[in-house]
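Asker: In order, the protein sequences belong to chains V and D. Each residue of the first sequence is one higher than the one before, counting from 1 in UniProt numbering. Each residue of the second sequence is one higher than the one before, counting from 1 in UniProt numbering.
Simulated from the structure, these hints should not be mistaken for laboratory data. Do not take every clue at face value.
[Said to hold, decoys possible] Ranges between beta-carbon positions, derived for each pair:
id : chain 1 : residue 1 : chain 2 : residue 2 : range
1  : D       : Glu317    : V       : Asp378    : 42 to 52 Å
2  : V       : Glu273    : D       : Ser289    : 29 to 39 Å
3  : V       : Ala344    : D       : Asp331    : 33 to 43 Å
4  : D       : Leu257    : V       : Gly317    : 40 to 50 Å
5  : D       : Asp496    : V       : Tyr148    : 34 to 44 Å
[What the hints assert, rightly or not] SDA-like cross-link-like pairs, simulated, lysine to any residue; straight-line CA separation at most 20 Å:
id : chain 1 : residue 1 : chain 2 : residue 2
6  : V       : Lys193    : V       : Asp248
7  : V       : Lys434    : D       : Asp349
8  : V       : Lys416    : D       : Asp349
9  : V       : Lys416    : D       : Gln390
10 : V       : Lys434    : D       : Gly250
11 : V       : Lys421    : D       : Gln390
12 : V       : Lys352    : V       : Glu326
13 : V       : Lys434    : D       : Lys79
14 : D       : Lys79     : V       : Lys416
15 : D       : Lys499    : V       : Pro335
16 : D       : Lys344    : V       : Pro335
17 : V       : Lys434    : D       : Gln390
Bear in mind that the values here come from a model prediction, so they are computed numbers and not experimental data. We put the CB at the ideal spot given by N, CA and C, even for glycine.
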Amino acid sequence: MDNSVSDLVLFIGRFHPIIVHFPIGFLFFAFILEAVSRLKKYSHISDAIPLALLAGAISAFVACIMGYMLSQSGDYEKSTLDTHFWLGIATTALAFLAWLIRTEIIRIQSLAGLKPNISALLLVILVLGITGHYGGNLTHGSDYLLKYAPFGNDDKIPLVAVTNVKEAGVYDYLVNPIFETKCISCHNKSKKKGGLSLQDSVAIKKGGENGAAIAAGDVNKSELMRRVMLDPHHEDFMPPEGKTPLTDEEKAILNYWIDKGNADFNINLGELETSEYIVSLASRLLGLKDASGRVNGDLPIVSKVNKEVLESIVVEGFRVRELVFESNLYEIVLPPQTITKDNANEIDRKLKKLLPIKENIMWLSLKDNYLGDQYLKDIGTMVNLYKLDIDNNPISDIGVAELVNIPNLEGLNLYKTKVTKKSLSSFSRMISLKRVYVSETLISKNDVALYMEREERPNLVIGI
Amino acid sequence: MCNHHDKLRSNNVDLQQIEKQLDRRTFFKKTSMGLGALALGSLLNTEKMWSSVEPMTGNADMVGSFTKNKLGLPHHLPKAKRVVYLFQSGGPSQIDLFDYKPKLKDMYGQDLPDSIRAGQRLTGMSADQTAFPIAASTLNFKQYGESRAWVSDAMPYLSEVVDDLCFIKSMHTDHINHDPAITFFQTGNQQPGRPSIGSWLSYGLGSDNDNLPTFIALVSKNGSGQPLYSRLWGNGFLPTEHQGVQFRSGKDPVLYLGDPENYDGNDRRNMLNYLNKLNNISHDTYGDSEIKARIAQYEMAYKMQTSVPEVTDTSDEPDYIFDMYGPDSRDPGTYAANCLMARKLLEKDVKFVQLFHQGWDQHNDCPAGVKNQSKSTDQGTAALIKDLKQRGMLEDTLVVWGGEFGRTVYSQGQLTATNYGRDHHPKAFTMFMAGAGVKPGFTYGETDDFSYNITKDPVHTHDFQATLLHLFGIDHERLTFKHQGRRFRLTDVHGDVVKDILT
């Protein structure tokens, strides 16, 4: 692009978007004055119309000059710019003409019957409106104005919702949305800051005036990455000051697309070597369930527990801790040996106290509390249980079978219980189960080895 | 608004609060309410009414730890419930233990290239050397486990558990001398006065076992070398009840727990209640929050009379456990015995157990020194990891192993075919973690062929601290404490969570 434009020209040119509002205001106001002065009561204000028109015309003239200066930057799309250019000049000329007619400096006899004042003004307003619209398209992009319009907005084919994160196209589903929210307002078809448009694959490959924006497979050579990764105070940092910077997650996705995905526009996530972090990030962005079956990796949403209920649990000797502030999700611990052989009958009463909050319990530890199989049925209804410690208890396969329907259970501690290899099939049925601790049970190392050969998960941890 | 009291108030919010406690109206309100309550109390005979419930002193909040702090914690779902931090004081030699550099063998005795040292300032102990001869490790390295991690033959037991470990080979720190470096690791600042990691956790998350301290420090006995000092487990400016409690390394970890002769201890509870009353009066008079801390500490000491003898008694541990931890584990106060003790404390949900083992400062006789140090720590460390794992506790217990910095590739002092010394090296060293929330069988970060500079994924001390807090559900930028007009945090204004090592 032409770099010979002096900084002063661009400096002044950039005031164009401010100055244009003067002619818009003046000329519209002239129109309002014209309309209102038709009322008898306000007929005297028609005296102000020529002044408004003149001010509008002069400011329009100034705006035209500045607009021309700004156009020298070359950041704008040629055809829209041309239209805006000629319309701007037309507006200025019409404004002067309207002023001349109004002040009766010129008189066109043949138009005398056509109410020349109001006609000229109407024409000015019309052309002014069109000019302004083109100007707006240049600055904000042509789809800016009607983007959120409630009607006819479907020119873009919406992406088909994917059900498996691996089927998601990296560019379409992950990268393009970042460009759309953070970059496209300045880098689009009609407004190409630095000559760069990020609107589609063709434009992205083309790059900007500093060359390619993206070097496939090489993050370090990608100008786009360099700029978004810079210190935010750096002059070259993108997006520029005042716009929202990219989040770490968004940077990670761009990085992944360029580095692992070779900046390919058609590749799917499943075809690439993808870290777990990116997979979970993508799942979250696409609103898909992650491995634990939760949408967006969020915590389960549960109802609030009132204080009296919690207190009734604490009084029974449980330790209660909220796992995330104001999540209403709790860790419940019955300290070891609260229940022994001697007070074995108390456990039933204590566990019943947990039932009102059974959906709120995420971690539960009942280790070494003389817990028998018959109590695991209630625990099996705690749907949000994620981690369960019931080690050092007289529990057998019958009890473990009660737990198979807990959908989110990931870690199960059965150390020093009486489970046998019959429980292995129960483990397989627990859909989220990842780790089971079975040391010092009736399950042998051999059983574990055979099982691990057969099954991918859960991981059975045994012995020393 | 017309309120003539305002003229007497300070501009400072904190001072205003204290002034409010001292002003006339509040005084009358308090004393009259107090008298009223006293009268009511004697009318209703509350002593008896409350006697069936455990007397609640200090914190009167019924529902315990989850409402105790008003800090809005945890910020996110934690992975770890407790941590055991095996601090290897002195700066273990990463080159002789984990960071295998085969190319150095061919360069044995050559001068370290200037491009590698790049003008780095050295300690006063080796800065005057005319040459910096490269000392390849004379120890043998092998790959172990499915993760194929390199471990030298100094650590035969640890090599059995490498598939549970997450090595960080790209640790770096700011300080090159022991005192600032270890203080920096423990408190996030090289100058004394800031709270240690365990104190921050205690302050932020409270206790999981009201009968034991939240933060316990165990120092191996007969340690020599660089000194350790109580500020390493100190509370800094946090309330005093958050300081680490050091157990003595020996047969009696806490002294004077038993009652004196001819005293049955039955009225101790009463005595403490009256003492608490006196302390509370004192607090009302002076408004010093440390008085509250003292009350809490008296209560803790009282509970420890029963809880400590129980938890430190290893007599019911079976022989195979002692065999696993090694012969030292039968000798109270050794590193191995402390490892076993750590497991018992963690089983009781003590949140932060920190072991300190001195002597990793091999300025000379490095090969023999490293072997010697490993001999007294290797088996205990590995046994602790195995033991936690079999009990299912590695699920939510984080194990951390590391020192305050690493050691240089060049020999400090004379290099011979079999012997060399190594100076302090803060620019690259190795730590490992295991358990809750970190990737098992994983190695993160790389160093150059000299184990001198980091070539990939550097992890700064503050990053490590941020990651540790992250595993406990804490955003390190949001756990702060206001002191001297400024909000402080463990990571000061630094630190990024190392997401790549998290599961």
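Asker: Next, verify each hint and record whether it holds.
Answerer: These are the hints, each one checked on the structure:
In this structure, Glu317 of chain D and Asp378 of chain V break the distance hint of 42 to 52 Å, their C-beta atoms being roughly 34 Å apart. In this structure the hint that Glu273 of chain V and Ser289 of chain D lie 29 to 39 Å apart at CB is violated, the actual value being about 55 Å. As the Cβ distance of Ala344 of chain V to Asp331 of chain D is approximately 39 Å, the hint placing it in 33 to 43 Å holds. Range check, Leu257 of chain D to Gly317 of chain V: Cβ separation about 24 Å, and the 40 to 50 Å hint is violated.
Look at Asp496 of chain D against Tyr148 of chain V: about 37 Å separates their beta carbons, and that is inside 34 to 44 Å. This hinted pair does not check out: Lys193 of chain V and Asp248 of chain V have alpha carbons roughly 24 Å apart, beyond 20 Å. Between Lys434 of chain V and Asp349 of chain D the CA atoms are separated by roughly 23 Å; this puts the pair beyond 20 Å, and the hint is violated. Distance check on the hinted pair: Lys416 of chain V and Asp349 of chain D sit about 19 Å apart at the alpha-carbon level, within 20 Å; holds.
Proximity of Lys416 of chain V to Gln390 of chain D is assessed by CA-CA distance (about 10 Å); at most 20 Å being required, the pair is judged to hold. Between Lys434 of chain V and Gly250 of chain D the CA atoms are separated by roughly 40 Å; this puts the pair beyond 20 Å, and the hint is violated. Straight-line distance between C-alpha atoms of Lys421 of chain V and Gln390 of chain D comes to about 17 Å, which keeps the hinted pair within the 20 Å bound. Only pairs whose Cα atoms come within 20 Å are accepted, and Lys352 of chain V paired with Glu326 of chain V is rejected, the gap being roughly 24 Å.
At most 20 Å may separate the alpha-carbon atoms for a hinted pair to count; Lys434 of chain V and Lys79 of chain D meet this at roughly 14 Å. Note on Lys79 of chain D and Lys416 of chain V: the hinted pairing is violated, with a Cα-Cα distance of about 24 Å set against a maximum of 20 Å. Between Lys499 of chain D and Pro335 of chain V the alpha-carbon distance is near 33 Å, which puts this suggested pair outside the 20 Å criterion. Between Lys344 of chain D and Pro335 of chain V the alpha-carbon distance is near 14 Å, which keeps this suggested pair within the 20 Å criterion.
With a C-alpha separation of about 15 Å, the suggested pairing of Lys434 of chain V with Gln390 of chain D holds against the 20 Å cut-off.
Hints 1, 2, 4, 6, 7, 10, 12, 14 and 15 from the earlier list are contradicted by this structure; the remaining hints agree with it.
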